[in-house]
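Participant: Line order of the protein sequences matches chains A and B.
Numbering (numbering that gives the first Met the number 0) for the first sequence: 0 to 551.
Numbering (numbering that gives the first Met the number 0) for the second sequence: 0 to 149.
Treat the hints with care, since some could be wrong.
Partial selection, computed: residues in chain B whose CB lies under 7 angstroms from chain A [to be verified]:
(1) 20
(2) 55
(3) 58
(4) 59
(5) 61
(6) 63
(7) 65
(8) 77
(9) 79
(10) 120
(11) 134
Cross-link-like lysine-lysine pairs, in silico, PhoX-like; alpha carbons within 25 angstroms at most [stated by the list, open to error]:
(12) 60/B <-> 266/A
(13) 488/A <-> 60/B
(14) 475/A <-> 60/B
(15) 523/A <-> 60/B
(16) 488/A <-> 99/B
Here are the in silico distance ranges between beta carbons for each label pair [unchecked claim]:
(17) 495/A <-> 84/B: 11 to 21 angstroms
(18) 108/B <-> 42/A: 23 to 33 angstroms
(19) 137/B <-> 108/A: 25 to 35 angstroms
Think of the hints as simulated: they come from the structure by calculation, not from any bench.
By construction, the Cβ of each residue, glycine as well, lies at the ideal position given by its N, Cα and C atoms.
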Amino acid sequence: MPKFNTAAELEQYCAHLLAARDPARPCIAVCAGAACDGLDSAAVAQAFTDEIARQNLAGRLDLRVTGCHGFCEKGPNVIAGPQDICYFEVTPGDVPEIIRATLAGEVYEAKIYRDPETREKIAPMSEIPYYKHQVRLLIGDNPRLDPLKIDDYLAVGGYAALVKALTTMTPDDVLAEVKRADLRGRGGGGFPAGAKWETTKNAPEKTKYVIANGHEGESAAFMDRAMLTGNPHKVIEGLIIGAYAIGAHQGFIYTRHDAPRLVEHVKAALAQAEAYGFLGENILGSGFDFKVELHFDVGIFVSGESSALMRSIEGNAPEPRPKYIRTSVSGIWDKPSNLNNVETWANVPQIIARGAEWFAGIGSEKSKGTKLVSLSGHIVNSGIVEVPMGTTLRTLIFAIGGGVRDGKALKAVHFGGAMGGSLPVEYIDARLDFDEMSALGAPIGAGGLLVMNEDTDMVDIARYLMDFLVRESCGKCVPCREGMFQMLKILTGIAEGRGRKFDLERLAELAEVTSLGSLCALGKTSAAPVKSMLQYFRDEYTARIDAGSQTP
Amino acid sequence: MCEQAVAAIIENHRGQPEALIHVLTAIQHELRWLPREVLARVAEALGVPLSQALQIASFYKVFSLTPKGRHEVHVCTGMTCHLCGGDRLLAKVEEATGLKPGETDAAGRFTLERGSCLGSCSIGPELIVDGRHHGRMTPEQVEVVLAQYP
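Just chain A, same shape as in the assembly (with noise of 0.2 angstroms):
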């Protein structure tokens, strides 16, 4: 492996690599995203491998296995360039004809999209409804690169933002930009990144580090994996330019123990980049050191929030401490600690690169660039989608979700995970936007977003999302511990058919007094699914506890 001791000398080895590729001979990309894996993608991979050396090809067809693609409930997904032709449900039988339709430069018929209306087919990418609405700057390269290979990153252009900000910016330009383009934290707050970073950057302690949060405890969430699994070199290219600006020279990324070909990605990209001397000692002649450290959580909801995941980075037990001091004043043993979400983090190159004027161009008024959005429940199309912050729910539902499955009537949209809301029918018009989300009761979190069905029991979900983080409390502190812990003791007895009369005001004072008595993020926003529930489901809680049925 080359080690890149300067800019030139990368830049002149990215123009080999390009010169290199043909970008009109064909390329079989097969999705190993967590879903499709699930559906047995392996198998087609392999069937694509064992037709290609059956019959020779290697040369005039290229394969690739990659990360998630996006449309999972169609998995397993096989893209064939040059054209970008999406086949779906893709089994090994398929293969001999999608070889031989891709080589012909046809279209394999049998396993194209079909619009469920007009039963019209559709084969390029770029003109199915699913695809058709999103904007995919971040999740739009899984298809094209090879997560092992980083050759395949540097041949869509990566490491670039990483050049110009060591040879063209100070640290201080760098910061400068990211304000400018005014990059909100995507792991739930919506905090400015920018100001994060400049509070760490300016505290008085001489060493600081920087975080890539990849933990991704929230229910129903699933973008970040597939971000840090299919492009894990987008993330650590943005981590390590953040810690430039900063200037930090050591980087954690805290990632998930239990999925094995994200560990592996991770693992190899941190290993290549440092072969290619994009981290270490004076990267790429600059004079700036930095180094990433992965570390795993081991089965905590807790301890993805970041005073909790900064103790486990530590060696200790997740438990979160009150935040009179900012973790980005004082973190990790104790130093300033800059910790962004992954997708946060795999931004920032696309920012140095193009420039903030072009990132603030995308996006609501306050809410800039776009936001991935992992879509499941009763939805038809079930996947990874990315689009300009300020889309509707209206579009990400209906336009590219498909609608609600089964042809029943939507209920209730709900964000966030088990710290999010639910929001009835009538507002789905609201527009995914930190803000507007955050006042009607439903802030977007990490940005999992659930759609239920008509046949959905509101008080099973706040019941369950209950149950679900008392098991995950730490402990440490009482309002959570304790709060939480009375507030599933009603929801239980409403659900049981066994509700009483005061409940709902017991229920609204506990929410009340957890929230501002715990200490951290778990404890503060337990309730917030309960309020919504008791801002735009009350009746249906009150009918239940009048007639004590155990059913909706």
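Assemble the complex: chain A is given as a structure, and chain B must be docked to it using the hints.
Facilitator: Okay, now just chain B, sitting in the frame of chain A:
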């Protein structure tokens, strides 16, 4: 074999108290549980009190202080799976194995766990056995799937 691997993990981190979670994770992967005697050796080698090793081992859900079965069965109880019938699936798996979440059968065949969201929501409800995902499961399919794991 296991013993050598465990000894190597411990020796690699001698004198590194901050590596506690790393070491316990590696040993958990190797032995699939953390015997108390091993915890004592880890604590001694890394230079942390045994109480701290026990705190970590009992706090995080990945660590087990009792031996696990040959096959780890996870039923996803994440939000999407719940909405799509995950509780009926769990009930069926409990019935088929005779286990409640967290338990291991006397023959040491299965350990049953409930996993909160495992990220394959598009193909929920899910049953995961030894890391292999079985998506879009119905209670009727449970026995057939479990029979593949003797």
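Participant: Among the hints numbered above, which are violated by the structure, and what are their numbers in rising order?
Facilitator: Of the numbered hints given earlier, those the structure breaks are 6, 7, listed in rising order.
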